[in-house]
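This is what each chain is made of:
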Amino acid sequence: MKRLFIVVSLLACCFSSVYAFAEASPDVWPVLKKSFFGDKVIEVSDVMRLEGPRRAESGAQVPITLSIDKPDTYKNVYLFVDANPIPLAAVYHFTALNGKAQLSTRIRMQTDSYIHAVGETADGKLFLAEIAIRAAGGCGGMVDGDDAEIRAAAGKIKLNVEAPVKFGAANPVTFLIKHPMFTGLQRDLASGGYKPAFFISKVSFNYNSKPVMQADFGVAISEDPYMRFFYLPDAPGKLEVTALDNEGKTFTHEVEVNN
Amino acid sequence: MYRLLLLKLFGILLCNALFFSTMALAEPLPVTEVASGVFVHQGVHEELTEGYHGDIANIGFVVGKKSVAVIDTGGTLAVGQRLREAVRQVTDLPITYVINTHVHPDHIYGDAAFAQDHPQFVGHFKLGDAMELRRDMYQRNNLEVLGKAFAGSEIVKPTLLVKDTLELDLGSRVLQLKAWTPAHTNTDMTVFDTTSQTLWAGDLLFIERTPAMDGDTRNWLKLIPLLKAIPAKMVIPGHGTPTMQWQQAFDREQHYFEVILGDIRASIKKGETMESTMDHAAAGEKDSWVLFSTVNRRNINLLFPQLEWE
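From first to last, the protein sequence lines are chains A and B.
Residue numbers for the first sequence follow the numbering used here, beginning at 211 and rising by one.
Residue numbers for the second sequence follow the numbering used here, beginning at -19 and rising by one.
Keep in mind that the hints were calculated from the coordinates and are not lab data.
One thing to keep in mind: the hints can contain errors.
Heads up, simulated EDC-like pairs for lysine to aspartate or glutamate below, C-alpha to C-alpha not over 16 Å straight-line [unchecked claim]:
#	chain 1	residue 1	chain 2	residue 2
1	A	K335	A	D282
2	A	K335	A	D426
3	B	K143	B	D109
4	A	K368	B	E112
5	A	K366	B	E290
6	A	K405	B	D109
7	B	K249	B	D194
8	A	K388	B	E290
9	B	K250	A	E330
10	A	K405	B	E112
11	A	K250	A	E372
12	A	K285	A	E372
All values reported here derive from a predicted model rather than from experimental measurement.
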């Protein structure tokens, strides 16, 4: 009997190792691709790259960096987390005033997944970059704390430009906005249902009133959204940001750029 | 008649098979009596990802004159069943309390093994809600990693909540329970056995294993002096070896927190990114802890976005 038990445990071990090596599935992308871009051809791009951890330490705040060799190559860049319940994480709109098209953000990941970036040129051609990341539990996670307090704190902005600034060159800027980014998939124990989605949906950055960068966010962007990107100042001036949430509230902030 | 006999024989065989298989499953967990009437099973130091078997936390029980309190139950139903067998090897007294020191899956998923004893399930006043909010994620993650070894493991919500403090009498033996403000998690509770002056610290104290963060580390730092003021002779950490030199163990934990918080704050001040900070913050602590490289990176990943708002 003891021997039988050992055999059974060995079998159980084999079984569990099958589960343990579940990984990012390549099967989701063809379906996503079809639903977002129809039958259009998407070429693998050599000017666009994605970087992220092979295994995310926390599914709630996974750092991702997108780099494109030239800032005005693509009109739009779509970022997808294939295995998330709502896969479209963000759409980025770079301009020549970025100086350098490199952008870092933090995303939520429900489980192991491929990340896809699709760049769209002005004439509608599509290009692709992809990476796989192992992760768990970033979407339906717990929300602790008082809703009224969370809402009252939402919208506070930090915009940090690196000093000294180099005029006529690409300079990094870090943007942070306090916001719970409720996914719509988090349980609400008071009502017995789910907390309605509540998130920053759009951010726009202008330098001396000229558009530098715009982004549309989905709920795969982590709580307290973070973006590090570049801007190209020609002279001293003002960098301004306007953020909009899905309930129609706007939040603004500006920073003086001197020497 | 012959048929009936055959049926009976089959029945006996089946009973035997069932009997032996439950026997095999419920082999008692090895426990150590660290103080008179205080029994601990020490979990092994492994991650909650690949290679996790559900037996990484310190779990155990305290035996009074009239009844038994179980403190944490392990990461699977099977571990809980084996802990129950360990209790039964020591005493036949009824198990009247099953106490969860916090919501983490390596401490609570053996609870269901004690349902048959109809105990009070005791926890921090936020434990029930925390269990509910994390239920789906825990079920999914544990099933993925443990597979069949997770079979039958389920969440059992507390029936007795601790708002601040609570005393439980096991018969000439009083346990003092204390619910803390958010630190390791938002559901941390300690159990102090007044008879032997043994403190079950739960995961408010890590020994050997790198302290894992899932709550409010800045507040955890503030609680350490209060924990150190408890008149304990012996402390059982949530992970690691129970010890009489527990004051130094809290000092080591405090040191790690001060280093990691200090390094992250310095990085933020310099405008460094989270990604690069994850490669070096608290790196000097590496040789002082087990499972350091993964747990420390996760801690930085959690702390950095919080500290950016200071």
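Output the indices of the hints that this structure fails to meet, ascending.
2, 4, 7, 9, 11, 12
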